[in-house]
Structures are given as C-alpha cells and as structure tokens.
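If you read the protein sequences in the order shown, they are chains Y and A. For the first sequence, the working numbering gives the first residue as 1, with consecutive numbering after it. For the second sequence, the working numbering gives the first residue as 1001, with consecutive numbering after it.
Certain hints may be false.
In silico DSS-like pairs for lysine-lysine, Cα to Cα no more than 27 angstroms straight-line [unchecked claim]:
hint, chain 1, residue 1, chain 2, residue 2
1, A, Lys1150, A, Lys1134
2, Y, Lys204, A, Lys1010
3, Y, Lys204, A, Lys1154
4, A, Lys1134, A, Lys1006
5, A, Lys1154, Y, Lys262
6, Y, Lys302, Y, Lys204
7, A, Lys1155, A, Lys1134
8, A, Lys1010, A, Lys1067
9, Y, Lys55, Y, Lys22
10, A, Lys1150, Y, Lys262
11, A, Lys1068, A, Lys1134
12, Y, Lys262, Y, Lys204
13, Y, Lys158, Y, Lys22
14, Y, Lys53, Y, Lys22
15, Y, Lys22, Y, Lys302
16, A, Lys1155, Y, Lys204
17, Y, Lys262, A, Lys1134
18, A, Lys1134, A, Lys1154
Partner residues are not named here, just some residues of chain Y that face chain A (Cβ under 8 angstroms, in silico) [stated by the list, open to error]:
hint, residue
19, Leu24
20, Ile93
21, Val97
22, Arg102
23, Ile219
24, Leu236
25, Asp240
26, Ala245
27, Pro269
28, Ile271
In short, the hints are calculated from the structure, not lab data. Every residue, glycine too, gets a C-beta built ideally from N, C-alpha and C.
For reference, the chains in residue letters:
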Amino acid sequence: MRIAILGFGSVGRGVAQVVQEKDLGITVTGLADSRSGIMDPDGIDLQAALDRKAKTGFCGDRSTAPLDVVDGAEYDALVEVSPTRIEDGEPAITHIVHALSRGKHAVTSNKGPIALAHRRLHTLAASHGAQLRYEATVCGAIPVLHVLQHDLLGNQVKALHGVMNGTCNFILTRMEDEGLTYDQALAEAREMGYAEADPSYDVKGIDAALKLVILANTIWDLGVTLDDVEITGIDLITPDAIRLACERETTIRLIAEAIPEKGLLRVSPRIIPHGHPLLVEGTLNAVTLHTDLAGELTFIGKGAGSVETASAVIGDLLYIGEHHAGAH
Amino acid sequence: MQVSMKLEMKDTPGQLVSVLTPISQCGGNIIAVIHQRDQDSDSGVLDVQIVLDLPEGRLDDLVGQIKKRGVTITRIGKERLFLQRSLLMIGHIMHTDISDTVDQIDRTGFAEVAELSLVMPAISERSSARITLKTATAADMNSAVTLLRKVSEKKEILIVEPLEECG
Ligand SMILES: NC(=O)c1ccc[n+]([C@@H]2O[C@H](COP(=O)([O-])OP(=O)(O)OC[C@H]3O[C@@H](n4cnc5c(N)ncnc54)[C@H](OP(=O)(O)O)[C@@H]3O)[C@@H](O)[C@H]2O)c1
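Produce the complete structure using the sequences and hints provided.
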C-alpha cells in the first residue's frame, strides 16, 4: 500500500518511524509539512526525510506545496496528520476532500475535519468508493472506533463515558497525589511536554468535547457539533475540593458523557469513586461503553504519543489494505 | 415526605378504614399497609404499620385526626429523606451567601442539606465545599441538583456532580 503523509510532526514522524521499522507492506510516496513537500512513486527515503526535518525544519522541497502532494503524488491512502484547527478544520478538510475526490482512501488523526464535516466527508468517500477512517482522533491508541464499528455488531450502544484528555487527567492526578494547586500541576504538565503553551484547548474541555462529538456522530449519527456539548473544564478545580472528595473515597476526573436517550452530551469534572473503572492515572485515557447485549465494556490505554497515535493510524491503513484492496 | 406509623386499634370491622380516610383527606398517599395480626388474636387489638407519603406540614393534623378515632399511635418514624448525594462546590461560597444557598434547597420541602463541609483558603481565594443533599426519591434528587446548579450558576460557583451510571 502506498501512502502520502500530510504533516510531519509528532504523529507524522511516528507513522514514518513505524513504516520504516516494521515490514508492513506500506510505502510512503508523498510527504509534506507546512512549508515543503516531496513525492517519489518508488518510495521516499524516510530516514533521509527525518534527518532533513530535524536539521533544516523542512521535510522536502520548498517549491512543493502540501496540496501539490495531495493532488499529485501516487498513493492509495492519504494520512492526514496536520494540526487540529477547530475554527474551520483546515487545511485538513481540503486535503481530505481532494484525496477522496481522486478516489483515494483517507486516514486521519485530525479531529477538526471529523468533528466539523463528518457527514460531508463520509458521503464524499462513499460516492468515490473510498474509505475514510479516523481511529486516532479518539483516545489515541485505544481502538474504540474499531470495536464500535466491527466488534460490537448487533449491539445497541446506550451510553458512553470516558476520560478522553490525558493532559487534564495528568493535572488532576497530580493535584490528588501531591496536593498541588492547579497552576503547579499545569506547570508540571508543561514541563513534561503534556500541555501546550496555550493549554486552554485541553483544560477547558474542548479537546474532550471534540472527541465526544466524533463518537456521538459515529455511533448514533446524531449530526451534532461542538455547540451541542455542555462543556466545563478543570481550570477552576481546587486541591481542597479534591481533598473533600477524597475524604469520601472519591476523586475528581474530567468525564465526557453521551446519553442520547436523555439528549445528554456533556464534558465536565465529576466525582467518581475510588476503584471505578474509569479512574485511570496520569495521561491515560479510558472509555466505557454501555451496550444492550455485551453490557459494560471499559477500555484503557494511551491517549496520545507519537508511536501510540501512529498505532491507530497504521491499524486503519492495514484494515483498509485488507478489506478494501484494489484501491484506485 | 415519607412517614411510617405503627398503630394499635380495636380489631373491629371498619376500624382500619376509619384511619385511611383522614390520610387521604390530608392529601396523603398510602405506600404500604402491613398487618400484624399475629400473637393473641383474643386480645381484640390489631397492630398495623402504615407507610405513607404526606405533604409537608400535614403530619400534626393527621395525628390529631387519627387519635380522635380512638386509635393509638405507638410510633411515628419520619424516615423521610433516605436518598443522599454529595456534590462539590468551588467558588466564592461565603461571599455569595451560603446560608441563602442552603435555604433555597431546604425551602423546597422535598430536599434538604444534610451536611456541608467548607474549606476556606486565603480570603480572596475561591473556597471549596462538599454539600450532601437528601431527598426521598430519585426524581426529587434530580430536581434538587438542578436547583443547586441554577442557584450556583448565578453565584458563579462551580458544581462538581458525581458520575451517576446509567444502565
Ligand atoms: N500528538 C498526539 O499524540 C496526537 C494524538 C491524537 C491526535 N493527534 C492529532 O494529530 C494531528 C497531528 O498532531 P501532532 O502532534 O503530530 O502535531 P504537530 O507535532 O504539531 O505536527 C503537525 C505537523 O503538521 C504540519 N502542518 C502544518 N500545517 C500544514 C499544512 N497546511 N499542510 C501540511 N502539513 C502541515 C506541521 O508542519 P511544520 O513541521 O512545518 O510545522 C507539522 O509537521 C493533530 O491534528 C492532532 O490533534 C495528535
């Protein structure tokens, strides 16, 4: 399978590293970052590209624009791993639209296009006989979408709850374990590389809400957007509040919750008892599905990380390769 | 509110009915009637336990009515609010009149504040509290939580609710 990777940051480089290290039958024929691009139908020398990126900041040729790669490279599947922009989902939406319109499959870790344009992209993919997969957008390495789409066939999912933002979970864990203030825990998260310079996207619950939107639209086809989610972040949580919770053998976590029966879509800090399956430590993610046949299922795993996220991307690619071979 | 009563009455026809009438007159709803027609049935005394749902403030009236009919009340249990839920509050809890917040819950008649633990840091900083609500039914609990959220929103107090699992 030939792929083009759009975005050569943490996830893009993780995908390149896995492709390079494992014999998966994947060849990278197109590659771009924000300011450069490179195409080679016989396969790009990934090590050279990684070295070049590290040294110069460019993965390819400055005269080749990202969209040139999307439109011009010879590939079966586009791997869209550029930054998430919640305002308009660009440039990822354009990249994916162009690829699907060429009849190419698309795999992405970018929440923007899926949260904002899921139906449109899905319809476009179907009309071109292409696949659109986005396992990596939700809970990183946890294969929750695959489970929902393939392994729980025949089940009705009644509700879901999850810890879907590793940054928030890390901060709350540190506040509980060490009695740190919110600001101290945030500073530590930054130091460890778990929080961005502007952490508001994570700590205000927006990232978790985007994942909830993606899950809700995938499971129930609700057609909801970020505006439909009631969102409260963790930035006002105090160590005193956590202590008061702990006195009752409970603690606080940022929980994303969807119960379509009650019209409920909510991301908010919640009290959960010690020993609860969703009570994970540090940057881990967890998600519980409440189903009619299988009962309750909880998945725990890494919600982010270069190779961990690449795992979900690679899984999608190989799934497409196995089930939808003979790409255009 | 939910009330349970142990009554002692003459074992004659019509006695039980004579107790049930004032209950409905007081707007009460009978949840259960438990006969204890056990021991010596020769004594001519009937022991009955009644569990009922009664509007707030009608209990004294009802007790009077029942006594008037020659029935002895051997025990009254106001085990009314047996559902509990603890929530956390974060914000300027004192400055925004905590007693008013508590009052608003207690005034509902169907919910009350059973416990409040407040931790106050430096004067200008936000304080944190654990508040425990009590109600008789799950529906009342949801109403009480909704009310607390509404009152707190006006006072810019963050409410952290427990995760209530669904089936
Ligand atoms: N990191 C994770 O663990 C993780 C987990 C789940 C999902 N995601 C999602 O995956 C995506 C990538 O994340 P990341 O951590 O790899 O981000 P990142 O490290 O910031 O890398 C983003 C890459 O995209 C490139 N880029 C920016 N604009 C572009 C454009 N117009 N065309 C092509 N490439 C462009 C950047 O180019 P330059 O190098 O030139 O700046 C950079 O190489 C994001 O949408 C993120 O939300 C990430």
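Now the hints, each set against the structure:
Taking the CA atoms of A:Lys1150 and A:Lys1134, the gap is about 18 angstroms. The hint holds against a cut of 27 angstroms. For a cut-off of 27 angstroms, the pair hint linking Y:Lys204 to A:Lys1010 is broken: about 67 angstroms separates their Cα positions. The suggested pairing of Y:Lys204 with A:Lys1154 holds, with an alpha-carbon distance near 20 angstroms, which does not exceed 27 angstroms. Straight-line distance between C-alpha atoms of A:Lys1134 and A:Lys1006 comes to about 24 angstroms, which keeps the hinted pair within the 27 angstroms bound.
Using a Cα cut-off of 27 angstroms, the hinted pair A:Lys1154 and Y:Lys262 holds, with the two alpha carbons roughly 25 angstroms apart. Among the hinted pairs, Y:Lys302 with Y:Lys204 is consistent with the structure: their alpha-carbon atoms are about 20 angstroms apart, no more than 27 angstroms. Between A:Lys1155 and A:Lys1134, the direct Cα distance comes to roughly 22 angstroms. Compliance with the 27 angstroms bound is thereby established for this hinted pair. About 13 angstroms separates the Cα atoms of A:Lys1010 and A:Lys1067, which keeps this hinted pair within 27 angstroms; it holds.
A distance of roughly 24 angstroms separates the Cα atoms of Y:Lys55 and Y:Lys22; the hinted pair therefore holds under the 27 angstroms criterion. Straight-line distance between C-alpha atoms of A:Lys1150 and Y:Lys262 comes to about 19 angstroms, which keeps the hinted pair within the 27 angstroms bound. Using a Cα cut-off of 27 angstroms, the hinted pair A:Lys1068 and A:Lys1134 is violated, with the two alpha carbons roughly 33 angstroms apart. For a cut-off of 27 angstroms, the pair hint linking Y:Lys262 to Y:Lys204 stands: about 24 angstroms separates their Cα positions.
Proposed proximity of Y:Lys158 and Y:Lys22 is contradicted: the alpha carbons are some 39 angstroms apart, above 27 angstroms. In summary, the hint linking Y:Lys53 to Y:Lys22 is supported, as the alpha carbons are separated by about 21 angstroms, within the 27 angstroms threshold. Of the supplied pair hints, the one linking Y:Lys22 and Y:Lys302 holds, its CA atoms being roughly 21 angstroms apart against a limit of 27 angstroms. Among the hinted pairs, A:Lys1155 with Y:Lys204 is consistent with the structure: their alpha-carbon atoms are about 20 angstroms apart, no more than 27 angstroms.
The hinted pair formed by Y:Lys262 and A:Lys1134 meets the criterion: a straight-line CA distance of about 24 angstroms does not exceed 27 angstroms. Annotation: proposed proximity of A:Lys1134 to A:Lys1154 holds, straight-line Cα distance about 22 angstroms (limit 27 angstroms). The interface hint given for Y:Leu24 is broken, as the beta carbon of that residue sits about 40 angstroms from the closest beta carbon of chain A, more than 8 angstroms. With its C-beta approaching chain A no nearer than about 34 angstroms, Y:Ile93 sits outside the 8 angstroms limit, and its interface hint is violated.
A distance limit of 8 angstroms between C-beta atoms decides the matter here; for Y:Val97 the minimum to chain A is near 38 angstroms, and the interface restraint is violated. Among the interface hints, the one on Y:Arg102 is violated; its C-beta lies about 44 angstroms from the nearest C-beta in chain A, farther than the 8 angstroms criterion. Evaluation of the Y:Ile219 hint against chain A yields a violated restraint, the C-beta minimum of about 15 angstroms exceeding 8 angstroms. Interface restraint check for Y:Leu236: the shortest CB-CB distance to chain A comes to about 5 angstroms, inside 8 angstroms, so the restraint holds.
With a cut of 8 angstroms, the hint placing Y:Asp240 at the interface with chain A holds, because the nearest CB-to-CB distance is about 4 angstroms. For Y:Ala245, the interface hint holds, since its Cβ comes within 8 angstroms of a Cβ in chain A; the closest pair sits about 6 angstroms apart. Because the beta carbon of Y:Pro269 sits about 5 angstroms from the nearest beta carbon in chain A, less than 8 angstroms, this interface hint is met. The closest approach between the C-beta of Y:Ile271 and any C-beta of chain A is roughly 4 angstroms, which is under the 8 angstroms cut-off, so the hint is satisfied.
The structure fails hints 2, 11, 13, 19, 20, 21, 22 and 23 (numbered hints given earlier, in ascending order).
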